[in-house]
Each structure stands twice: as C-alpha cells, then as structure tokens.
Amino acid sequence: MIPAPFTYQRASSVDEALELAARAGEDAKFLAGGHSLMPLMKLRLAVPETLIDIGRLGELSYVRADDGHIAVGALTTHDDIARSDLLASELPLLAHAASQIGDPQVRHCGTIGGSLAHSDPAADLPAVAVALGATFVARGRRSGTREIAAGDFFLSLFETVLEPGELLTEIRIPKPQSAGWSFQKFAKRGIDWAIVGVAVQGPNVALVNMGSTPIRARGVEQALAAGSGPREAAAHAAEGTSASDDLNGPRAYREHLARVLVGRALAEAASRG
Amino acid sequence: MVRTEDPRLLTVGGTYVDDLREPELAQAARVTFVRSPIAHALITGIDVSAAREAPGVVAVLTAADLDDLPPPPPDSGLTGTEGLPFPLGGHWSEPLFAVDRVRFVGEPVAMVITDDRYQGEDAAELVSVDYEQLPAVVGVAGALAGESLLFPPAGSNVAVSTGTPADSAAFDGCDAVVEQVIVNQRLAPVPLEGRAAAARWADGKLTLWVSTQNAQIARFILAGALGLDPANIRVVAPDVGGGFGAKIGVDRDGLLVAWAAKHIGRALRWAETRSENMLAMTHGRAQRQVVKIGGTRDGRILAYRLEIVQDTGAYSRMGGFLPFLTSLMAAGPYDIAHVETAYQVVMTNATPISAYRGAGRPEATAAIERAVDLFAAEIGMDATEVRRINLVPADKFPYTSGSGATYDTGEYVAGLDKVLTGAGYAELRAEQARRRETGDVLQLGIGVASYVEITAADADGGETARLVVHDDGTATVYTGSSAHGQGHHTAWAMLVQAELGIDMSKVTVIHGDTDLIPMGVGTYASRSLQLGGVALQKAAIEVKELGRKVAAEMLEASEADLELDVDRGVWQVRGDPATSTTWAQVAAHVGEAGLAADVNYTDGKPTFPFGTHLAVTEVDTETGKARLIRHVTVDDAGTVLSPVLAEGQRHGGIAQGVAQALLEEMVYDAEGNPVTGTLVDYAIITATELPSFELLASETPATVNPLGAKGIGEAGTIGATPATQNSVIDAVSHLGIRHIDMPLTPARVWAAISEARESR
Amino acid sequence: MKVTVTVNGGEVAAEVADRTLLVHFLRDVAGLTATNVGCDTSSCGACTVLLDGRSVKSCTVLAAQADGRQVTTVEGLSSGSEELHPVQQAFRAEHGLQCGFCTPGMVMASVSLLAENPSPTEDEVRSALEGNLCRCTGYHNIVRAVLAAASERRPS
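Protein chains in written order, with this note's numbering: chain G, 1 to 273; chain C, 1 to 760; chain E, 1 to 156.
Chain G on its own, in the form it takes in the complex (with noise of 0.2 Å):
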C-alpha cells in the first residue's frame, strides 16, 4: 500500500525546520525515523499534506550527561539509546526499554521524540518517561523554547500538548533518587506491542497500554510510601486505569496484568535497589 500524495520537504536545521512547518500550516507532519507515521500513512489513517523531514538534524541526536540530568536528543534513536554506555549506567530502564521495542529494523529507524510525540498509549518509551520523571524540550516559532513535564504532556491517543509546528528536542531525565528500576513488558509475541507494560524508577510506577495516556500507578506508590510491601502494594495496580476491551483479551484480565506485572516489577526493582 502507499501513503496517498504529499510534499516532502526535508530540514538542515532545527531552525528551518520549524519555519517550514510554520509555512505549511496544520496538515504537515514533521517525520523522523517515520516508523510509527509512515505505517499509518500507507493504511491512509494518516494523509499529511506535507512531510517535514527532521531525520538528519544530527544535532539532536545525542545522549550527554548535563548538570544532575541526562539529556537525550529527540532525535537519537531506539538502537543508540539501547547501547549508549553512558545510559546503561546511569539510566538503565531507558536503555532496556529502548531495546524491547519493536524489531532491530524499527530500532534502527525510530527515535525516542518520535515514540514520545506520536502518543501511543500502547508504545513502552512514554511511560519509561513518566516513571523516570522527564522534561521535555519543545522549540516552536509562538511558543519559543518551553519546558514540558512528561507527566503533563501526553493528552490521548496521538494527542499531545506540542502545538501544531512544535518540534520536540529534548529528553531530560533526572538523576535517579533510587537505583531500583524494572521493565516488564507482557506480549503474546517478542514483535507485538504491549498488552501491559510496566515501568519502575525508585518509587515511581507507570503503565503502559491500560488507557488512552501513560498513566502513573499513584494508588501503588502511595501504599509504597505508607509502607506497604510489593504484594500489597501491586493489589492497587489497576486503580484509576481506563484500560479497553480489545482482540488481547477483556479489561479485567488486563487489570489482572498490572496487578502481577507491577507486582514482578516491584520485586525486581527492590533486588536491584
């Protein structure tokens, strides 16, 4: 299948690139590694008008350790966060999640901004981002250059904060508190997205694909700061999740998932802390 007509149009500079979105108005698409849009483009769920390549803007591919955090270029991609030393040491959840995603084709290509502003509730990296307590950096001609709490930015499905020409730059990523993480991604196959994924920094707990955002498990880390266990602090996984009937199975067998994914993340987390 092809995508149907659209002008191609690709940035040198992350300055051009946003004055070309700027000029194409609110049917361009800015495309990275393209492997989330590009499929839709070919189903035609998606039909942009005009499609921004940011691919080679090397300056935003890059992991680097800034003053207390680690800064992560929109546009590095699922396979250099995966073997980047600098993350397998210092942020070790973002580094396994990039390399649980999808295929090595798809690592190849995708990049950790396109995942995060693409907005799949479905995708691992929004919810790494949430439970590690990321800021994102978004440049826009309006906007300027603003901070965006990864907590505060996904809205729903395909659905983010990022005005229309506004260009995701950066991940940062606080030094973790705690050394304990874990990533549990449940699938039918190694290829498939997650039924239900979890991911754990310290004391943070968020979850993949149990609605339409990442979404924080604040019910278990309230019982973990009041002190409970991770059996009994796992019981309050699915609470506040909105997660749908779907071809994987019914809701509450997903909500049965957190709970025992939360649960093994827990303890996999404390054997690391």
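Since the hints were made in silico from the structure, they are not lab data. Possibly wrong hints are sitting among the right ones.
Said to hold, decoys possible - Which residues of chain E face chain G? A partial, calculated answer using Cβ under 8 Å:
no., residue
1, Lys-2
2, Asn-8
3, Gly-10
4, Val-12
5, Val-16
6, Val-29
7, Ser-42
8, Thr-48
9, Ser-55
10, Thr-60
11, Leu-147
12, Ala-148
13, Ser-151
14, Glu-152
Unchecked claim - Here chain G is said to cover these stretches of chain E; the calculated rule only asks that three of the stretch's residues, wherever they fall, bring their Cβ under 8 Å from a Cβ of chain G:
no., stretch
15, 18–24
16, 83–96
17, 123–133
18, 136–144
Backbone N, C-alpha and C define an ideal beta-carbon position, used for all residues, glycine too.
Following the hints, complete the assembly by docking chains C and E onto the known chain G.
Below, chains C and E alone, put in the same frame as chain G:
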C-alpha cells in the same frame, strides 16, 4: 546436500510474478481491485465516473462489463445431499465480480486499471459504491440460526448435510464416555508472497503468469471461465513465494485479471497487498466439532463420534470437501471398533474457506487427539498409555479404519515409543511433578499427539514427467509437479542422477508452463514425490533402456552385456572401462532430439504417513502465557529421498502447527468485519516464539509406489497443533482444566485458570 | 523530486514522486527485484535492506529519506552466484530457505545482526530476526545458518 535452487534465490532473488520483466509485459498496466468493505449488503449502485477521470486511469471495470463470458454452468440440482463435488454450483455459485450483492469483506466489486501502481490506489478510492446493508451471518451459530440468508433462493445457509449419525448403542457398553465441543479456528494461510498475476492477450492467445501451485489446473479453470480453447491459453507459474494450499489453481481475482487483459486489449499486472491477501485469499480450517469418545476403564477405546459443522465462508470452494476428508480420517491411528461421523457445510459472511496445509486432516487429528486426552483424563490413565493400547498394531496392516480409510503401512507404536524415549518422557513427568509440588509459577506441560494422514488422496489423477537427455550430456526434466519452495529442482535432479548417473548439476528441471508441459496436476496434498517423482523415475528407467539399446548398437555388443556405471554416468561393456561411452555420445548418436521418455503415472495409490509429536510447554500461571520450549517428533513418510528437504518440510509444518495452537486466528466482529486483517493483529509465529526442533528419523516404506515414498508436506502441521494444545492443557490439568480452545492465547489460558480456581 | 542513492556501490539517480517508497525505488528504478514486499505494516521484514550499514524495512522508508545515502541489497552482498557472502553461503549450506521470498530480507537482517554482534547466542539470533517472518522453514535452519555464519567469521 545443497539445493540447486539456492544460489539464484540468495543472490539476485527469485523471479516472482511481480518481478517479471518480460518484454511482453513492458507496457503492462496495473490492476487495483475495489473490494467490499461490508460483510453482507445489496449493491444499489456503482459510480465509476470520478475514478475514470483520475490521473493514469485506463479503465474501470465492474460486473456490468462482464458481457463477453460464457453462460454459467446450469444448476446441477445437487444441493443439500451427501458427497457433493466442489465448488457448489447452481444458486450457490460464485461470480467473478460481485453481482448485486456482496457476501464478505474483501469481495471484488470493481477493478481500476492504471498506468502505474500508485495511481491505482488513488483511483480505487474514487469508485463510489452504494450499499444497502444486510444482517451479517457470522460463524456457524449465525449460519445455523438462519435469520439472514446469503443465498435466499437456497432457503437455507446449510449447503451440505450428511444427516446425524445413527445414535447406536455403541457407547452403551462403555465404562466412561466424554463429550466435548471443539473449535478448530479459522486461519489465514499467509504465504509470504500474496496472490499475483500478469496477463496478456495477443494474436488470439492468452498468457497468464500466475502465482500458483498448478499451472495446468489454472489453465483448465481459465478455459472454462472465459470460454476459451485451452490450446489458446498459456499459463506460467514463475517462482512462487509459498502456497500452503491457498494457491491451488487460480481464483476469481486472477481470472478477472486474465479476463480484463483480453477485454481491454492491454497487458496487465496485479500483485495484491497484504491487507487484500488477509481478506480475499481463501482461509482454512474453520470447523466446529463435537466429539464423543467412550471406552473401558483399562484404556480400550470402544466408540468415537465426530460431528462437524464446516464454516465454508461466503462461497463454497473446497469447503464442501474438507469435512469429507476430516470424516475419512476421523479415527486417526487408532483401532476403534465403532466410529461414526456426520457433517454440515454452512455459508457465512466471511472469506471463503479452502485448502490450508493439511486441508481437513489436521482438523480430524486435532479432534481425536483432544478426545483421547479427555478420555485418558476421565479414566485417570496416562494419555500416552491410552495411545499405546489403541494404536493400530504393526501386524494389522493394511488396516481399514473405523472411518473407512485403508492405511497402507505403519509402525505406530514404535513411533510413539521413539518419541517418548527421545524426549525423556519419564524425566519430563518427574519435572512436572516437582513443579506442581513446589507451586512453581511456571508449570510444565507435556502434550502428545499421534497421527496418521492421507497423502496423494487423488493419486489416480496421476502426474506427468518428460525426461530428455541431450547430445551434450545434459538432461532436461519437464514435470507436471510444481515447486513453491519444496525443492523439486534438487530432488528431481537427484532422481535423475541416481537412475542415470548424470550429475545433478547437468539436470535442468522445468515446471509450471503449460506450453512446455500441457498435462500435469501440480503440487498439493503432499503428492509431489510419490506421484511426480515416481513418474520421473519411470521416465528415467525408460530413457535408460533406450540408452542401453543405442549404446549396444554403438559398441556392437548385446544389450545384456552392457552396464551403466552410475558413478561415472557412462555406458560400457560389462567390466571393460575401455568401452566407456558417455550419455552425450549415446544421445548424439540418436540425433538432435536426444533420448526422451514421457510418462503419465496414474497407477499410484494414496499413502498414509504417520507419526507422533511431543510438545513441552511452560505456562505462566499468573499471566496465562504459554511458551513452547521443546518439540520432539517422529514423522514417518516412508523412504526418504532427501533428508534435508524432508526435514525442512517438517520444520515449517511444525511452526505452522504450533502457530495455530498458540497464536493464530482470523477473528470477525458481530457485523462480519475482520479484526485481524493485518500482520500486526494476525499473529504469525516468529523465531522468538519457537525453539529448535528435535526430529527423530523413522522410515517405514510405502508399498504402493516404487520409491517407497509418502508425503511429508503436511505432517508437521498435523502433529504439532494437537501436541501443543494438549501440552498447554496438560500444564494446567492439575487445576481441573480439561479443555481450552485454540488459539491458546494468554487471555484464554488465564480465563481457564481463573475459572478453575474459582470453581474450587 | 530528484533522488540520488548509492545502491550497492553505484549511484542511482531519478526524478520520483515525493511519496515513493524506498522499496519501489529499488525495484522499479534501480531494477533490483530481490527485495520483496510482504506486508503493509512493517511487520514481515521481506523488504529489509541496509541503509548506511544498518538494517531497515525499505517499505517504511521514503526514497527521499535515502537520498544521498548508501543502500545495500542482497544483490550487493556478493559478486555473483559463484562467490557467496558468508551469510548467503551459510543459508545455502544449512538449507535456510525454501520458497525464497523472505530470503533477501532475512539475509540482510542477519548481516546487520552479525555486524552488531559477531558472536550471538541462539536466543540472540532468534530475537534479532523477530522482525522477519518466514512461513516455510519454521526458522530452524535459518537460526542454524546465522550461527554457522557467525562461527565461520570468528577467527579461530
């Protein structure tokens, strides 16, 4: 052994239909189908005007343009009776384009012809079809309810019914009787290459290049559908990227491409997208079964009943035939005194059902292998012991089963024992007991399935071979059999080398071109080696005898004194290498035509491969996820010509079988919309979900053909599905679970566990 | 737009529609038909090629995205059918292919894996090939082929 096919496939790739760069196709336009998005509806109007104006559009065709076809065959009057041929005719018949009514999502309604592929997808979106939606008939329950009819003149959705089995007293004498409803779910075949065709009409002759398992059958179907003399049709099967039964002959989409090329007078090409393939290539399986099994407390099975409702989808292609095969093989490898079967074939608003790897036999095996496990659980006996007691003993062959098939040769008990020993059955049971004892989250399952299947069921249809030895010492084989991955080119060259001593590298194998091979059947039902291979072997023997005569003349010796040194591929007077005469010299002696023999082998008989599979699974009892960790098999297909090729068939079969047990299902919603229409949702098994397989060798020669060969194409699938299903159920059987329907997805297994725990 | 891609070491330049997928650029413009299309959803991997040395699914990459970059297809791995690349050779020796449709993509995914991980375990091979579907081989001999190619390449 390495395959002769592979260097090309590995370096420049095969030449599949979409890769053809024939000069005749240089100006070919591209076909894009417009398909029904609705499961069941009346077509109240089709407006193609906007599409006709779109860039690059050559033509837009619908049923209204089908004015140059022969009239459909008259109503045979054969409806609702036993033993119907397929496809069903009369008011059940299937049109080319949908006429007035669509019956499944994906049914072709119109065709857009454009200069290039991209324009086709754009223009197809502009064809506007008005539909008046009708209630969809979904699944066998919907069909039997009969509230909505696919073919109102038929008055029913039940196309075939053999009546109910006589409720005999057979079960009366049983100590234990178990009944179970079993769903053998609808599957999509998913060859990696979808359907594809290219067609050209020139000088009164139609050429169709098509991704098919049977060029000659495709030509026969094409001649009938378009009203052409077969002599004016050439069908070519280039490289074919997998078939699995779903590319037998040619179906309506391919026929339409051929028709349109003639109708508009321009060469055309079509390669379906995967999204089309999932909906419009035939599906397989789709049976609802009720099994009833009874026997004595000491493990002897006395009676077995299998009732089938076959969902054949919106049109009956082979769907009317599959439950016949299932019934024929219902008794499996067991010596059961009383076996009874009955079936119905029903129409539903879903993709038509046809052959898919095993075609009716996997369904029979799945039913009885579940039944045996249920019976064993009921009487509290190890299921492998029940099998050993009831398998047809080696001294009973040929053996006619309770369901009417006559099995040729077999060592069923030996096959079972070999697998149990190879797998370390006792140790596995001990490990299972240990995990149950400790309440391990990961429980171990051990599942066994013994099977017998029928291959070359239509052996009397025969197969052809023509062998020519040329004056340069090379040989050419023209085979009616047709390769799509099996390795015919290698196997046929091996046969020639074995018989004539002509090196494999000098043997060219040609298949799938009706101009070169007008007669042939092709490849399905695991028939190739035992029919096409035997035909070639016979042709080689004829050539050898011709060669003997010629060489005798050349060497001025008597034929009886001549010998063929097969190692060197030369004729000589016995014991006198100085007289060595090569095949090149012998062939040259008879002139340009060389030495040739034509064989149409119709003396073959069906054969009955058998075996046992043992699957070890780990089931996560907290999530319901099952994982296959070992798979050990005996698949006895008689004398093996090439172990490498035979093992390859078993590997692929096992993977597809496991996939049915654990992952795959074509799912429709209540409106008849497919919800697993892409490879994101339809879960093909990947390397990650499988272990390496443990194959054990066993060869019990067939006696009905000179190669001693039985078919191996479907065996892996037939054994692997129930072994895996039984294994997962076995893993949780200590919780009181007796049955879970396929596919055994995490959600289903968890639901069973959860229900079992609640009822305790 | 004008797109110039270095394909298997040679420059291929053409004026193409903006929406042209890389796989169609390779098949229809460069005339290299080994790379196949097996699905619409980036699931099957039949179209896998190397883009600047790393495996990608060419049905999900625009030709425009490959402009000015290096693409390697299975046709570029060896000089001909006589002299096979070690991975091609291993697929042949281990009977790692049947119908051949997934093979070019499978081989390229394997080449990419071995470039990143020269000594993979069986599990790592299986995991690295999870984006490449094969319906014929059950993956058994494919996995063996990749492991064999890896041990072949390791200096002993």
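These are the hints, each one checked on the structure:
1. Lys-2: 12 Å, violated
2. Asn-8: Constraint on E/Asn-8 not satisfied, violated at 19 Å.
3. Gly-10: 23 Å, violated
4. Val-12: Violated - the Cβ of E/Val-12 stays beyond 8 Å from chain G, reaching only about 18 Å at its closest.
5. Val-16: 10 Å, violated
6. Val-29: 15 Å, violated
7. Ser-42: Holds - the Cβ of E/Ser-42 comes within 8 Å of chain G, reaching about 5 Å at its closest.
8. Thr-48: 6 Å, holds
9. Ser-55: With Cβ-Cβ at 5 Å, under 8 Å, it holds.
10. Thr-60: 5 Å, holds
11. Leu-147: 17 Å, violated
12. Ala-148: 20 Å, violated
13. Ser-151: 21 Å, violated
14. Glu-152: 21 Å, violated
15. 18–24: Contact hint for the stretch 18–24 of chain E vs chain G: holds, 3 residues under 8 Å.
16. 83–96: The restraint on the stretch 83–96 of chain E is violated, since only 0 of its residues have a Cβ under 8 Å from chain G and three are required.
17. 123–133: Answer holds; 5 residues pass the 8 Å Cβ test.
18. 136–144: With 0 residues close enough to chain G, the hint is violated.
When held up to the earlier numbered hints, the structure conflicts with 1, 2, 3, 4, 5, 6, 11, 12, 13, 14, 16 and 18 and fits the remainder.
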